[in-house]
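Engineer: The residues making up each chain are set out below.
Protein chains: 4
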Amino acid sequence: MAGFVLGDNQYGKAETRLVRVDRDTGVHRITDLNVSTTLAGDLAATHLTGDNSGVLPTDTQKNTVYAFARDGVGEIEDFALRLARHFVDSAPTITRARVRIEQYGWDRLADHSFRRGAGTRTATATYDGTGSWLVSGVQDLVVLNTTGSEFHGFHKDRYTTLAETTDRILATAVTARWRHAATTGVDWASSFDEATRHLLAAFADTHSLSLQQTLHAMGERVLANRPEVAEVQLALPNRHHFLVDLAPFGLDNPGEVFHAADRPYGLIEGTVLRADAPEPGLAWW
Amino acid sequence: MAGFVLGDNQYGKAETRLVRVDRDTGVHRITDLNVSTTLAGDLAATHLTGDNSGVLPTDTQKNTVYAFARDGVGEIEDFALRLARHFVDSAPTITRARVRIEQYGWDRLADHSFRRGAGTRTATATYDGTGSWLVSGVQDLVVLNTTGSEFHGFHKDRYTTLAETTDRILATAVTARWRHAATTGVDWASSFDEATRHLLAAFADTHSLSLQQTLHAMGERVLANRPEVAEVQLALPNRHHFLVDLAPFGLDNPGEVFHAADRPYGLIEGTVLRADAPEPGLAWW
Amino acid sequence: MAGFVLGDNQYGKAETRLVRVDRDTGVHRITDLNVSTTLAGDLAATHLTGDNSGVLPTDTQKNTVYAFARDGVGEIEDFALRLARHFVDSAPTITRARVRIEQYGWDRLADHSFRRGAGTRTATATYDGTGSWLVSGVQDLVVLNTTGSEFHGFHKDRYTTLAETTDRILATAVTARWRHAATTGVDWASSFDEATRHLLAAFADTHSLSLQQTLHAMGERVLANRPEVAEVQLALPNRHHFLVDLAPFGLDNPGEVFHAADRPYGLIEGTVLRADAPEPGLAWW
Amino acid sequence: MAGFVLGDNQYGKAETRLVRVDRDTGVHRITDLNVSTTLAGDLAATHLTGDNSGVLPTDTQKNTVYAFARDGVGEIEDFALRLARHFVDSAPTITRARVRIEQYGWDRLADHSFRRGAGTRTATATYDGTGSWLVSGVQDLVVLNTTGSEFHGFHKDRYTTLAETTDRILATAVTARWRHAATTGVDWASSFDEATRHLLAAFADTHSLSLQQTLHAMGERVLANRPEVAEVQLALPNRHHFLVDLAPFGLDNPGEVFHAADRPYGLIEGTVLRADAPEPGLAWW
Chain A
63 MAGFVLGDNQ YGKAETRLVR VDRDTGVHRI TDLNVSTTLA GDLAATHLTG
113 DNSGVLPTDT QKNTVYAFAR DGVGEIEDFA LRLARHFVDS APTITRARVR
163 IEQYGWDRLA DHSFRRGAGT RTATATYDGT GSWLVSGVQD LVVLNTTGSE
213 FHGFHKDRYT TLAETTDRIL ATAVTARWRH AATTGVDWAS SFDEATRHLL
263 AAFADTHSLS LQQTLHAMGE RVLANRPEVA EVQLALPNRH HFLVDLAPFG
313 LDNPGEVFHA ADRPYGLIEG TVLRADAPEP GLAWW
Chain B
63 MAGFVLGDNQ YGKAETRLVR VDRDTGVHRI TDLNVSTTLA GDLAATHLTG
113 DNSGVLPTDT QKNTVYAFAR DGVGEIEDFA LRLARHFVDS APTITRARVR
163 IEQYGWDRLA DHSFRRGAGT RTATATYDGT GSWLVSGVQD LVVLNTTGSE
213 FHGFHKDRYT TLAETTDRIL ATAVTARWRH AATTGVDWAS SFDEATRHLL
263 AAFADTHSLS LQQTLHAMGE RVLANRPEVA EVQLALPNRH HFLVDLAPFG
313 LDNPGEVFHA ADRPYGLIEG TVLRADAPEP GLAWW
Chain C
63 MAGFVLGDNQ YGKAETRLVR VDRDTGVHRI TDLNVSTTLA GDLAATHLTG
113 DNSGVLPTDT QKNTVYAFAR DGVGEIEDFA LRLARHFVDS APTITRARVR
163 IEQYGWDRLA DHSFRRGAGT RTATATYDGT GSWLVSGVQD LVVLNTTGSE
213 FHGFHKDRYT TLAETTDRIL ATAVTARWRH AATTGVDWAS SFDEATRHLL
263 AAFADTHSLS LQQTLHAMGE RVLANRPEVA EVQLALPNRH HFLVDLAPFG
313 LDNPGEVFHA ADRPYGLIEG TVLRADAPEP GLAWW
Chain D
63 MAGFVLGDNQ YGKAETRLVR VDRDTGVHRI TDLNVSTTLA GDLAATHLTG
113 DNSGVLPTDT QKNTVYAFAR DGVGEIEDFA LRLARHFVDS APTITRARVR
163 IEQYGWDRLA DHSFRRGAGT RTATATYDGT GSWLVSGVQD LVVLNTTGSE
213 FHGFHKDRYT TLAETTDRIL ATAVTARWRH AATTGVDWAS SFDEATRHLL
263 AAFADTHSLS LQQTLHAMGE RVLANRPEVA EVQLALPNRH HFLVDLAPFG
313 LDNPGEVFHA ADRPYGLIEG TVLRADAPEP GLAWW
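Chains as they are written, first to last, in the numbering used here: chain A, 63 to 347; chain B, 63 to 347; chain C, 63 to 347; chain D, 63 to 347.
Bear in mind the hints are in silico, worked out from the structure with no lab data behind them.
Any given hint could be a false lead.
[Said to hold, decoys possible] Among the chain B residues that face chain A by a calculated CB cut under 10 Å, a handful are: (1) Asp70; (2) Asp86; (3) Val89; (4) Asn96; (5) Trp168; (6) Phe213; (7) Ser272; (8) Gln274; (9) Leu285; (10) His302.
[What the hints assert, rightly or not] Covered by chain B, per the in silico footprint, the following chain C stretches (three or more residues, Cβ under 8 Å): (11) 108–116; (12) 171–179; (13) 204–213; (14) 236–248; (15) 265–272; (16) 299–312; (17) 321–327.
Values in this document were obtained by computation on a predicted structure and should not be read as measured data.
All residues carry an ideal CB built from backbone N, CA and C; glycine is no exception.
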């Protein structure tokens with residue numbers, strides 16, 4: 063139809079659930095992943111006429127994830143990049159691949175036994191035939207400070223009723239992503255562990271005047287300690303804990319009894335980066 | 063700390079649940095919304111030093127949503143834009159506001175009684191002090207064709223095992239967003255109803271050679287019939303229905319018995335726009 | 063180990079997702095089910111020694127669901143009972159089978175096209191080798207009255223702060239189950255439609271002094287109109303809608319602006335039955 | 063209406079989210095609970111006529127949860143029982159109260175900082191004016207064995223296609239509840255820790271011929287080691303991990319690459335109890 067054009071488009075297989083067991087010693091290791099592949103390129107034909115000659119089926123993408131796991135997964139950054147390169151290098155129409163992986167942590171109970179832990183490690187690799195980009199991250203990391211958090215001096219208008227406070231609970235479910243300056247030469251496992259450790263430490267030891275300040279401190283802490291990281295992006299929902307008014311029952315409440323609310327919630331999002339960080343390229347879309 | 067800079071950032075109140083009842087006649091009307099406000103501007107101080115003098119609390123944003131509803135909500139496009147303008151025009155540091163609203167549909171049972179229906183209407187308004195943008199949409203719109211869908215002629219590699227088919231079930235949960243060319247002069251309610259009707263009609267009457275082709279047909283159909291729409295963005299998860307192999311039980315299966323799978327799923331995303339569409343501005347981030 | 067005994071136990075395959083297409087005419091019909099089978103009987107051996115000779119695998123139960131659908135599903139009450147009888151009658155150790163089915167509704171868009179609707183129909187059949195029982199139901203049926211609901215005159219103690227009200231929003235997500243007096247001789251489709259219609263009508267036209275009163279009226283209405291029903295069991299979460307205090311903003315709020323809360327919520331559960339209802343037998347566990 | 067009677071009924075406040083901070087020393091402690099209260103008694107009046115004089119509002123129940131927390135929560139078994147007793151002893155019409163609590167675990171990061179852990183502790187107290195019962199439990203405890211699990215020798219019929227195996231992954235999300243023989247004289251915190259430890263140990267070190275056998279071993283292990291426990295009830299969804307067929311790609315798969323499936327799933331439920339266990343009373347409804 064004249065006058066209409068195909069704009070940005072991509073396709074892929076979302077949430078391929080792969081579990082790999084490494085049995086080379088009597089002490090098994092387990093890698094538990096959720097892999098999503100997204101491809102882009104010269105895909106106009108399938109959109110406009112249903113000519114699929116340039117379409118690598120999403121079912122094939124799933125098969126590829128499983129087949130590549132046969133040789134071992136290793137760190138998810140490497141596995142994601144290996145898959146992204148494969149799709150672009152082997153499928154004629156595909157010019158850009160993004161592979162996003164969630165890794166669920168398991169704690170060891172015994173040589174062959176595991177218990178699921180908290181928090182999810184993530185990695186996203188992008189490849190466009192020439193350049194590659196890696197973003198690591200963590201999500202579902204729920205943290206809480208019982209004190210050391212204030213909020214006052216804010217802008218007030220006719221709709222402001224919030225009381226200022228010098229002592230509140232601060233709680234959030236961290237979603238963090240950090241872009242690496244390079245895609246090689248990094249010990250990804252150690253980098254993840256250390257970045258997460260610094261995020262947690264900054265959350266815990268920052269005396270907070272706002273969740274924004276805590277966010278910035280967390281990003282800065284990672285950058286200050288991890289030279290391989292160029293940029294840190296954080297999304298912090300403010301899980302409000304409201305002090306319950308016990309006065310109607312003849313009771314005081316000196317910061318002890320709280321109602322944990324569901325909705326609405328504040329949502330603070332921000333990025334901290336090196337002044338001399340390399341361009342993000344295709345890393346963030 | 064030297065060498066680190068604050069990058070993109072924004073904050074707001076997510077998921078304020080507002081229900082408004084219009085009681086001006088004996089036949090009540092109900093408006094059931096989930097409102098998320100997001101503000102950006104000169105917010106460096108709170109990030110860097112915890113100086114909150116430029117921060118309009120997210121609690122105030124919630125209050126504002128409720129207070130503005132006192133005068134009536136009207137169409138969600140107008141309500142979102144009214145809120146976005148208020149935040150930018152009244153808060154000194156705020157230079158950009160985005161308000162996203164989900165509206166849950168209710169079917170009438172009686173003058174004062176309602177039943178929740180299927181599908182969610184959405185609207186997102188953005189305002190930056192000079193320009194404004196509106197995006198309408200629908201989500202959770204689950205549709206299925208029992209025939210009229212083929213998939214063959216695709217690119218094959220060593221990992222391809224998918225059989226070609228000339229008759230399959232095609233099912234998806236539509237998430238569609240369409241950007242309007244202007245923010246005034248449109249009957250938003252009628253525009254939404256008609257855009258949704260065209261999406262459904264195009265899904266139903268397109269003989270599909272790929273979900274990408276169906277996606278493009280859906281976007282094109284809206285553009286061809288709704289001059290107020292500049293661009294249509296669609297995300298279509300492919301809810302795979304696999305024909306069950308009944309041969310081990312001595313039974314054939316002529317396209318009648320299917321397993322509805324959860325994960326993984328294909329995910330097709332694309333945009334269709336007018337060749338002469340105005341620039342999207344801040345509408346899409 | 064001496065001194066310990068195996069108590070109640072059962073096993074089965076949960077959530078087999080079955081979609082059947084009836085193509086006998088040009089106007090296709092679709093049946094979209096979630097089937098869970100649960101078997102009990104002489105299963106001590108597998109618990110105590112891992113001797114599985116009496117265990118019909120859950121994988122086989124899943125296969126059976128698909129294979130039986132080849133002949134047509136019909137009404138879910140009949141399909142559930144047919145499956146339950148098969149398991150007890152054919153597996154030597156199985157003395158009791160329960161099959162629970164959820165059916166998702168689809169509205170027709172065209173001869174081969176459908177859109178998912180709201181509300182889920184349910185049926186549970188139980189068979190123990192001699193007797194059979196059927197329970198039909200509906201869930202995810204969300205309803206709201208904007209007026210005609212009061213709550214006052216309640217018991218008060220030192221922890222009571224709730225204000226009495228003569229006009230509030232009453233909203234709930236109905237989960238209803240009704241036990242049939244017999245397992246044959248009923249037009250299940252019509253019975254379901256009518257029972258649901260009566261539930262909705264009673265919710266809408268009962269002037270409510272408590273959600274318990276509404277619950278009772280809903281159960282009674284079904285019993286009064288559907289002689290095939292012996293008993294109605296209802297679970298009604300009270301989806302609280304709180305009037306927002308707009309006074310701090312200089313505004314009144316005459317029953318128009320509400321906050322829809324998530325948690326906590328009241329939960330009202332009750333049963334209404336015929337004075338001469340037959341014994342429930344195994345129907346409810 | 064003649065001929066219809068009110069059957070079993072109960073009501074309460076579900077999911078009151080309570081967080082208590084103990085600040086008596088510089089090392090804070092946190093108790094994070096989800097409390098649901100359910101009351102039953104002489105409640106016919108509110109059902110039949112809307113006379114609420116016997117109804118203690120669910121809002122009051124919520125207030126009571128918060129007010130009682132002012133004195134400290136302690137172990138959830140004690141807190142649940144204290145609340146249950148209060149409702150029956152103080153509300154004239156209430157003859158039975160059940161209080162169910164979920165406790166979310168937090169790991170310490172620093173004196174005032176915590177990170178949410180995996181697994182949820184539960185307790186349910188029931189009181190009927192004379193007797194009381196306590197059930198403790200754990201849920202969301204996800205565990206996996208990479209080997210040491212077989213499944214063969216099962217009953218086969220014409221719908222059986224499952225291959226027998228002598229080595230499979232066994233994974234489940236444990237929901238366990240154990241009934242205590244008494245409601246006093248037990249160190250609840252230690253009892254919970256030890257019961258959970260024994261569940262995990264039995265899962266890990268039982269060479270499994272069926273998930274039923276593992277279930278029984280887990281229940282028996284708790285009983286053998288915890289004299290305060292009279293009965294253990296377990297629900298174990300079988301989280302199937304299917305070996306991926308890599309042969310089409312020219313690869314073998316010696317137990318290394320698996321697809322983690324969502325639905326359907328096996329569901330194994332069973333109870334292990336002492337031969338001389340006291341009657342469960344009202345503990346399990």
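Engineer: Take the region 236–248 of chain C, compare each residue's beta carbon with every beta carbon of chain B, and decide whether three or more fall closer than 8 Å.
Structural biologist: Answer violated; 0 residues pass the 8 Å Cβ test.
Engineer: For the hint on B:Val89, just tell me whether its beta-carbon gets within less than 10 Å of chain A.
Structural biologist: violated (30 Å)
Engineer: Taking 8 Å as the Cβ threshold, is the statement that the region 321–327 of chain C is covered by chain B upheld or broken by the three-residue rule?
Structural biologist: Coverage by chain B holds here, the residue count being 4 at a Cβ distance below 8 Å.
Engineer: Interface hint check: B:Asp86, Cβ to nearest Cβ on chain A, cutoff 10 Å. Holds or violated?
Structural biologist: B:Asp86 check fails; min Cβ-Cβ to chain A is 25 Å, beyond 10 Å.
Engineer: Could you check if B:Asp70 really has its C-beta closer than 10 Å to a C-beta on chain A?
Structural biologist: holds (5 Å)
Engineer: Establish whether the coverage given for the region 265–272 of chain C by chain B is satisfied; the threshold is a Cβ-Cβ distance below 8 Å, and no fewer than three residues must meet it.
Structural biologist: Holds, because 3 residues of the region 265–272 of chain C bring their Cβ atoms closer than 8 Å to Cβ atoms of chain B.
Engineer: Under 10 Å, Cβ to Cβ, is where B:Asn96 needs to be relative to chain A, so tell me if that hint holds or is violated.
Structural biologist: At 8 Å from the nearest chain A Cβ, B:Asn96 passes the 10 Å test, so the hint holds.
Engineer: Quick one, is the B:Phe213 hint okay against chain A at 10 Å, beta carbons?
Structural biologist: With Cβ-Cβ at 7 Å, under 10 Å, it holds.
Engineer: Was the hint right that B:His302 lines chain A, CB cutoff 10 Å?
Structural biologist: Holds. Min distance 9 Å.
Engineer: Quick check: the region 108–116 of chain C, covered by chain B? Criterion 3+ residues, Cβ under 8 Å.
Structural biologist: violated (count 0)
Engineer: Was the hint right that B:Trp168 lines chain A, CB cutoff 10 Å?
Structural biologist: Where the cut-off is 10 Å and the nearest Cβ of chain A is about 19 Å from B:Trp168, the hint is violated.
Engineer: Under 8 Å between beta-carbons, do enough residues of the region 299–312 of chain C, three at least, approach chain B for the coverage claim to hold?
Structural biologist: Satisfied; 5 residues make the cut.
When each numbered hint is compared with the structure, violations occur for hints 2, 3, 5, 11, 14.
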